[in-house]
Amino acid sequence: MPKPAAETITFTLDGLEVDSPAGLMLADAAKLGDVEIPVFCYEPKLGQPVGACRMCLVEIEGIPKLQTACSTPVRDGMVVLTQTDRVKEAQEAILEFLLINHPLDCPVCDKGGECPLQDITMGWGGGRSRFIEPKRHFVKPLALSPLIAIDRERCILCYRCVRFSQEISEDYQLVLQERGAHSYVSTFDGHPYVAPFSGNIIELCPVGALTSQAYRFRARPWDVEGSGSVCTLCPAQCNVEFTVRDERVMRVLARDHAGVDDGWLCDKGRFAYQSVHVDSRVTHPLLRVDGELVPVSWDRALDEAAAGLRSAGADTGAIAGGESTNEEGFLLAHLMRGGLSSSHLDSRTGGTLSRDLHAALHAPQRQACVEDLEFAHALLVLDCEPVDDAPVLDLRIRKGIRRNAVKLAVATSRPSSLDPNAAAVARFAPGAGEAFCAALNAALGGEDTVVDELAAAAGADPAEVQALAAVLTDAGEDVVIVYGERLTHGPRGEHAARALLNVAGRVITAGHDGCGLLELPAGANGRGLREVGVLPNAGPGLTPVTSPGLDSGGIAAAAASNQIEALYLLHVDPLRDMPNRRLWKKALARATMVIAHAAFLTDGLWEHANVVFPAESYAEKEGTVTHPDGRVQRLRPAISRPDAVRGEWQVLADLCKRLDHDPGVLTGPMTSATLFAAIPFLAGLTLDEIGGRGVRWPERPQAAAWPQADGGPFGLEAPPFAPTPNGDLRLGTFRSIWAAPEVELSPALKFLRAHQRAELCPADAQRLGVAHGDQVTVSSNGSQVNAIASLRASVPGGTVFLESGLEQDSASELDAGLVEITRA
Amino acid sequence: MIGRKKKQQAVQVPAAERGQNAVRDVPRPEPQRTVTRFGHGSRVPGWDDAADLTKDPAEIPDPATTPVDAALRAEIEAHMAKYPDFRSAAIPALAAAQRHHGWCSPEAIEQAACIMRLTPGYLSAVATFYDMLETQPVGKHRVYICTNISCSLCGADELMARMLQEVGDDPDFNVRSFECLGACDIAPMASVNDIYVGPVSLEDVPVLVEQIRAGTPPLPGKQLHLRRCVDPGAAS
Amino acid sequence: MSHTILFENIDEPGLNTIDVYRRRGGYEQLRRVLSTMAPEQVTEELMASGLRGRGGAGFPSGKKISFIPKVNVDKYLVCNADESEPGTFKDRELMQKSPHMLLEGMVIAAYAAGATKSFIYIRGEYVEQADIIDAAIVQAREAGFIGENILGSGFDLSLVLHRGAGAYICGEETGLLDSLEGKRGNPRLKPPFPANQGLYQGPTVINNVETLATMPHIIAMGGAEYAKIGTETSAGTKLVSVSGNVRNPGNYEIELGIPSREIIFGLAGGPPEGREVKLWFPGGSSSPVLEPKDLDLPYDFGSLQEAGSMLGSGAIIVVDDSVPVVDVALKLAKFYRHESCGKCTPCREGTRWTVSMLERVDSGLATPMDLDIMASVQEQIIGNCLCVLGDAMAMPIGSMVKKFRAEFESHIEEARLRNPYGGAEPDPDPVLIQGAASA
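Protein sequences, first through last, are from chains A, B and C. The opening position of the first sequence corresponds to residue 0 in numbering that gives the first Met the number 0, with each subsequent residue numbered one higher. The opening position of the second sequence corresponds to residue 0 in numbering that gives the first Met the number 0, with each subsequent residue numbered one higher. The opening position of the third sequence corresponds to residue 0 in numbering that gives the first Met the number 0, with each subsequent residue numbered one higher.
Just so you know, these hints were derived from the structure itself, not from any lab. Each hint should be verified, as a subset may be incorrect.
In silico lysine-lysine, DSS-like type, Cα no more than 25 angstroms apart, as pairs [stated by the list, open to error]:
no., chain 1, residue 1, chain 2, residue 2
1, A, K64, C, K401
2, A, K398, C, K401
3, C, K69, A, K64
4, A, K64, C, K227
5, A, K87, C, K189
6, A, K44, C, K401
7, B, K139, A, K139
8, B, K139, B, K221
9, A, K30, C, K401
10, A, K749, B, K54
11, A, K44, C, K189
12, A, K398, C, K62
13, B, K81, C, K292
In silico negatives: residues of chain A with every beta carbon more than 12 angstroms from chain B [to be verified]:
no., residue
14, A148
15, R151
16, E152
17, H181
18, V243
19, R309
20, K398
21, K656
22, L658
23, A703
Quick caveat: nothing in here was measured; it's all calculated off a predicted structure. Even for Gly, the Cβ is constructed at its ideal location relative to N, Cα and C.
Given only the sequences and the hints, what does the whole structure look like? Please build it.
As structure tokens, this is what we get:
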């Protein structure tokens, strides 16, 4: 349903008239009159108020009993009293009750100094207790998970954490056990509370009952400073606040932004800051001397890199990883196209799309924003898993379904965690996104005769396709399609993109607010990098290039056959992040010069890099990134760079200079300004305008400068049939939220590091003689990975799913559509 | 936390040392769970338990790896079909799992959760809320003795003590004091394997325990369903 | 003095079968309602009868049904058969002996409210009664009184018996709804009231067993005629459960407004030989206690409220002079502590604190000042809770402390003299004891 508008009403608060939007809860509306009503259990982000803590009791004229301000919507003419004796007595009574069990161990409590219970007791409490019985004492703290410690003495049973688990993340692992004064927060049978968003309960807790294992006793609120920035660990680009003490990031908090993250963070975003301060981080330029990487001076490293690049010249290939900023991408393109006359640069991992298709897929009039996920009539999640690809959006989708009755349609190969919330679910064979879109397009167009055949090509059930189409057409006009970049990967990526545009043309009204397409790129700043020209076939602002270069796959092939001499790897280790690991191993081995920007020496760099520039962490960076919905966001350095680490824009600019192609930038902000000036649809943008909340460029008038492109409908050619399982199984891959070096390196998150599991259905497992938990070998074309068999009833028959992005046994070792599984 | 917990030894302090509650020493009939004390203050089961970090998170059990008895599955699915929202079947499903497993063991809850497509956490939150769902292993003979106000005015506390004494440490018995069972007209009373009997005199206790052990009807002459309405108007 | 409507020939053998019930004219009122009356007419009759809810709150039943919005969504009727107020056992006898009376009343009420789905939430302990109702539902369904197109009227009603699992709080109507939805039985914030957003967020009428069972009789005799029974504000008859220290405990059907003394002494025989009434609860353990001087109060909603108590569920608990009042208070406080759902602060902490204080009073560790604190804590609970459970403890305990203050004080003094160390248990912390041994 579209976002409703609220009218303004006037109510009387302690004798003063206050204007407020109608329907606002009194606890919030009172703030508009500069009155704070104390609350513990109330948190509007958690959904309906529960009125449990009773802290917010106020007097309302005409109602005999005191009312909870958290659950009473303001009405015009309402007369509210918050300072009467009755109210004060009630507030003191509630605090006296709450503190009966509370240990008052504030001096040794992590929450002390930033604790709502402390603040409210000071502000509203009676300052005394008549409770002389012994308090309850318990063993504390206890581990609730490796990330969270629980102190049950301090808990005031406000229900915030369990409501988060049950109503926001919907993992329903954290629950209240027992009853009455015996109630306590716990999990089933001692299982740890491990879920992608569990860390949010630490921030929600209004007392020191839930504390971060990683932050406990590291700092006091008066020791630290907060510094706002953006998390660049995934495309969701959540707004965060780094808590900094002595140039070290001590924790990450959410910086609530309704247009981005809605105030939540995933556990990777919350805890992976630890990887900023690990010993294994690269903090000096490294040069391979006699086969070993040794620290050298910046001049030496830059000179060597420049020499290598100069000698390779146009035979240089460059790949930018997703966490690179717009500025870094822009300078890389400048270096490649200007300094080396090479167009062999790419930021996508799976083949080329034409400029027109890029322009059509991301056209401002077809662009959905994050808030549209919440207020759409219908939402199609297509070939992506939000919780892995852009975790915080998963919460947004759930919120829309829960609060606004958004109709969800899920079309994926791998069973999605959103399936239980969906009005319609369709499965298709891994990699058959094109055929599926074609089938859906036919179903939406009423071409029932062809649906069956196209569905068969996609390995999908035609009835499921029809049901999905019905959801999209029947719900209402605001339809949003969230799709994964992987849909447009592969040799037939352009066909898939055209099929997708045809589907969009049928359900999305271009130019209408509240509907559109939203891509979840593979890299955190995937969208920004493409827009600043890190593509083989387009320059900054998606301008045409005279001679398109090789895409990432092409670069690998060329390097493996000695046609490319130098490889420039900006925040990417191809062995980790790119498909076709075997080819890349060969490419890296054959290249004469491999230059990398990296914070960690992952396998490919350890073995093959000639020059390694130390990369900044996201807490040290300045620059901009672009959110998948077009919001340009600004990174601000929270801490200074360790040791010899330099700003990477500066490293790139220095290299450009050495190659006689000076970009003319002297500071980070100057780089941003140069970038904005070079890109027509970002013209006039300033860092000030971006500020702390970002700017969605598709909403600015300059968006008109976005290249015009044909958005379809296109004539589609018949898609190829998905491979038929013939005893061997179809291989599907996915990259989990935890498959990242930051997770492996952060001490707190290490336990979550992904291990290869082969997910298959019980029938296939039985046929193969494989039991749950067995060690298996998955092989094709002579390469193989080891995995643990994991039986899931929801996996479609004839398919096996493996994880990519792993250090070892990554699915990218395998490059065929069908794989053989044997018990090891 | 439910079940699987290490049984902890209660600290036994001889009555003489305890300085005896001299006022009216009715034995305190609430020894439902043995929990050791930590420091001073009251004990609550589960409060001192950390999560076992070697376990996997308790997500919705996958049918592929959670075998469920067909009869139990059929019963729970039948309950789910009765309601507009299948979650309404949580209590009936747990009750069925309890009948099947003897108590709401972690396995029982996992199986019910698997059938209902809920997390075991959801169901354990429900199971621990209700008195009749047992989250610790219990004996198969349920003897609920009402010790609420009306029954205790008629000697229920003494009955409870006598019953505990008579049953001793027989593991087949689950003798519990219960809040008002809604049969104050036959106070003091007990619900014996769901059959209400009363008034139960102290002399009845050995007979009753014997009948329960033998599996014969408990106090056949004192069962509630035999009782006629006392209202003189009802007979007219 | 007794006036028999619900209990008329209640012990007739086989009344729990549909044949005997129908032979006695059962389901005839339903037939009349469905064939001759519009839903609004039924509601009007109920309003005219002056029937007030028999579960405890005493809200006018007809009015409750009239609150149901006339919108085209699924509406629900829920019968509250979670009879767990201490001292109350009237619904048990009705359900056990005349289940079809309840079912007939439910179909009539559902018809009036426009509800198409109905539930009976029966407490889990009532196993025999639940089995009897289950059997009755099957019979009624076979006979076409429940199900689709009942008696050819086009009116549909499904009926499901839902067994609880032992939680007093599920007798609170919104706690019951949460429990029926498969959650922990935590009461909900009101508003929204169940009439607007109840079960599964739909409009819901919730009525007590006795209330629903009375409805066929009201239809039979006409609302106006029923209103003539009892008093002006407390119409009709009421089933009263009398228990505690009386000679003939049990259920009695009385005309509202008769003197309480007639119930306690006339019907239930008064306290045993040689004992006097010390105090009595007029409406279940949640009602503030009354004293012997109140025995002549007319037993009706208004008179008991004026006397500072309430009629509640109609459960009279008599306590004689052999019982220390502290025992009664402690028993009650422990009950409410055990049954508090834990959702809201004052009830969860207040019940626990009250028990601790009463235990000190009982063991002589308290001072009269503790009685003041106890009284003040009860006042801090009353009116500040999410539901009425907190009040249900605070009101009787508060009334006992107030009315029997002298006995509380002498109790403390006597206990202290008997037991100078207050009966305090030495701290049996094994760690401390071990530490002491090794030191």
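To see whether the hints hold, each was checked on the structure:
For a cut-off of 25 angstroms, the pair hint linking K64(A) to K401(C) stands: about 23 angstroms separates their Cα positions. A distance of roughly 51 angstroms separates the Cα atoms of K398(A) and K401(C); the hinted pair therefore is violated under the 25 angstroms criterion. A distance of roughly 29 angstroms separates the Cα atoms of K69(C) and K64(A); the hinted pair therefore is violated under the 25 angstroms criterion. Distance check on the hinted pair: K64(A) and K227(C) sit about 34 angstroms apart at the alpha-carbon level, beyond 25 angstroms; violated.
This hinted pair checks out: K87(A) and K189(C) have alpha carbons roughly 23 angstroms apart, not beyond 25 angstroms. For the suggested pair K44(A) and K401(C), the alpha carbons sit about 45 angstroms apart, so the restraint of at most 25 angstroms is broken. Our distance criterion of 25 angstroms between C-alpha atoms is broken by K139(B) and K139(A), whose separation comes to about 36 angstroms. Between K139(B) and K221(B) the CA atoms are separated by roughly 22 angstroms; this keeps the pair inside 25 angstroms, and the hint holds.
Only pairs whose Cα atoms come within 25 angstroms are accepted, and K30(A) paired with K401(C) is rejected, the gap being roughly 41 angstroms. For the suggested pair K749(A) and K54(B), the alpha carbons sit about 16 angstroms apart, so the restraint of at most 25 angstroms is met. Between K44(A) and K189(C) the CA atoms are separated by roughly 20 angstroms; this keeps the pair inside 25 angstroms, and the hint holds. Proposed proximity of K398(A) and K62(C) is contradicted: the alpha carbons are some 37 angstroms apart, above 25 angstroms.
Our distance criterion of 25 angstroms between C-alpha atoms is broken by K81(B) and K292(C), whose separation comes to about 52 angstroms. A Cβ of chain B approaches the Cβ of A148(A) within 12 angstroms, the least distance being about 9 angstroms, so the stated non-interface status is violated. Listed as outside the interface, R151(A) is inconsistent with that label: its C-beta sits roughly 5 angstroms from the nearest C-beta of chain B, within the 12 angstroms cut-off. A cut-off of 12 angstroms between C-beta atoms contradicts the statement that E152(A) is not in contact with chain B; the least separation is 9 angstroms.
Annotated as non-interface, H181(A) brings its C-beta within 12 angstroms of a C-beta of chain B; the closest such distance is 5 angstroms. Against chain B, the non-interface label of V243(A) holds: every CB pair exceeds 12 angstroms, the least being about 29 angstroms. With a cut of 12 angstroms on Cβ distances, R309(A) stays outside the contact zone with chain B, its closest approach being about 53 angstroms. Every Cβ of chain B is farther than 12 angstroms from the Cβ of K398(A); the closest lies at roughly 19 angstroms, confirming the non-interface assignment.
Listed as a non-interface residue, K656(A) keeps its Cβ farther than 12 angstroms from every Cβ of chain B; the least gap is roughly 52 angstroms. The claim that L658(A) lies off the interface holds: its Cβ sits roughly 51 angstroms from the closest Cβ of chain B, which is beyond the 12 angstroms cut-off. Its beta-carbon lying about 48 angstroms from the closest one in chain B, A703(A) satisfies the requirement of being farther than 12 angstroms from that chain.
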